[in-house]
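Going by my numbering, the first residue of the sequence shown is number 1, and it counts up by one from there.
Calculated from the structure, these hints are not laboratory results. It is possible that some hints are incorrect.
Stated by the list, open to error - Across the chosen pairs, the derived CB separations fall in these ranges:
no.	residue 1	residue 2	range
1	T73	Q298	25 to 33 Å
2	D315	A71	49 to 57 Å
3	N62	E230	26 to 34 Å
4	K263	G224	35 to 43 Å
5	R282	P212	48 to 56 Å
6	D222	M340	20 to 28 Å
7	A294	K263	15 to 23 Å
8	K48	G224	43 to 51 Å
Said to hold, decoys possible - Calculated pairs, BS3-like style, for lysine-lysine (alpha carbon to alpha carbon, straight line, at most 25 Å):
no.	residue 1	residue 2
9	K229	K48
10	K163	K229
11	K179	K74
A virtual CB, placed ideally from N, CA and C, is assigned to each residue, including glycine.
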Amino acid sequence: VESYNASDVIEFTAEKRGTDRDKARTFNRTDEGKEHRPASSVIVIDSKMTPLEAATLLWENNVMGAPVYDADTKTYIGMFDARDILSCVTAAHREFINMGGHHKPGEDIPLPHDVELHHKTQSELMAKALQHIKIDTKPPSPGAVTVTYLAARNPMVPLFFTKDDSLLDICKVLADRHKHRVIITDSASGSHACSGIISQSGLVAFIASKCPAESLDEKMADAGLSYRKEVVKIADDASAASAFELLDSKRLSGIAVVDEDGKLIGNTSARDIKNAVMDAGRTGMDLDILSYLAHVRQSQVVKNDKYPSCHVHEDATVGHVVNVLAKTGFHRVFVVDEGMKPIGVVSFADIINFFIKKGVMTNGAT
1 VESYNASDVI EFTAEKRGTD RDKARTFNRT DEGKEHRPAS SVIVIDSKMT
51 PLEAATLLWE NNVMGAPVYD ADTKTYIGMF DARDILSCVT AAHREFINMG
101 GHHKPGEDIP LPHDVELHHK TQSELMAKAL QHIKIDTKPP SPGAVTVTYL
151 AARNPMVPLF FTKDDSLLDI CKVLADRHKH RVIITDSASG SHACSGIISQ
201 SGLVAFIASK CPAESLDEKM ADAGLSYRKE VVKIADDASA ASAFELLDSK
251 RLSGIAVVDE DGKLIGNTSA RDIKNAVMDA GRTGMDLDIL SYLAHVRQSQ
301 VVKNDKYPSC HVHEDATVGH VVNVLAKTGF HRVFVVDEGM KPIGVVSFAD
351 IINFFIKKGV MTNGAT
């Protein structure tokens, strides 16, 4: 990776984002006539935005995270990740329960006595909680979840990089699974103003595009790619609310969904979190997780959205794993045995650590 610097990744990511946006426009005619930011522009979130506004801004620009800037103090507070909106979803559901929303799974029935008549059903109350009580209030109501609060949970990496810095140095930071992005600053100005962002996913996609194919032909175990580790999973009969609470507590976007025999039959992704927010409570979160996902995925269908397989087998090559991550955009891929039981997981951080350890791409080759 010493052959490349930060500017190489930024240019690659901007070009890829532009291509992806063109493909999306081809499939989604509703986007015609809309103004779009240049693919190379940097998204910065105003600290006064609500979490819903911030997440929508990211989704509209097909990015998962961006720095939050406080204009009053002229400082960056931290990074807002679209997955952080999950905290608002779970808070809204708790609010719904607190307002008397106890009912049988899957039913949308009238709620008890003291609830306003025009907010008497589960979906109506959930939508009200999601839109007004915990998220979209200006100024924030007591106990509200704010962008500032969420961003403070993801402090900026205490290092600022420039476009001329070695990619190896950036890899060493992003090899930490808790460090999803680094900020690139403008060295010419001498300030810490954000001029670009490199994410784990963008870095892995760049590496995948530059690696000689033969360098990744080894199987994971033979190549020394660590994958056997605890898999965060949930039973297929668990409620969507339980699944989202687990995701939020673990600060993850993807968990495995297993059947009664422990076999992998599905997974959640960051895209599902977006669908849950856009659903705005119309689908009850007391449904089992797979039924819930089927409902919200269908209601928010976009023609170029896909839900590809999230798993590989133990005998998969490193190249196959890298390509799955690069093409799907998932932050992790599950590893299953012959019986389809999850026995491990490979994340972006694992791949970056692997490349550092093996020295793949040094001087453009192995």
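Here's how the hints hold up against the structure:
For the pair T73 and Q298, the supplied restraint of 25 to 33 Å is violated, since their beta-carbon distance comes to about 44 Å. Hint check: D315 to A71, Cβ distance near 53 Å, so the stated range 49 to 57 Å holds. Between N62 and E230 the Cβ separation comes to about 31 Å, which falls inside the hinted range of 26 to 34 Å. Taking 35 to 43 Å as the suggested C-beta distance range, the pair K263 and G224 does not conform, at roughly 28 Å.
With their beta carbons about 49 Å apart, R282 and P212 fall inside the hinted range of 48 to 56 Å. With their beta carbons about 22 Å apart, D222 and M340 fall inside the hinted range of 20 to 28 Å. A beta carbon spacing of about 18 Å between A294 and K263 agrees with the range 15 to 23 Å that was offered as a hint. The hint said 43 to 51 Å for the Cβ distance between K48 and G224, and at roughly 47 Å that hint holds.
Using a Cα cut-off of 25 Å, the hinted pair K229 and K48 is violated, with the two alpha carbons roughly 40 Å apart. Under the criterion of a C-alpha separation no larger than 25 Å, the hint pairing K163 with K229 is inconsistent with the structure, at around 35 Å. For the suggested pair K179 and K74, the alpha carbons sit about 23 Å apart, so the restraint of at most 25 Å is met.
Checked against the numbered hints given earlier, the structure breaks hints 1, 4, 9, 10 and satisfies all the rest.
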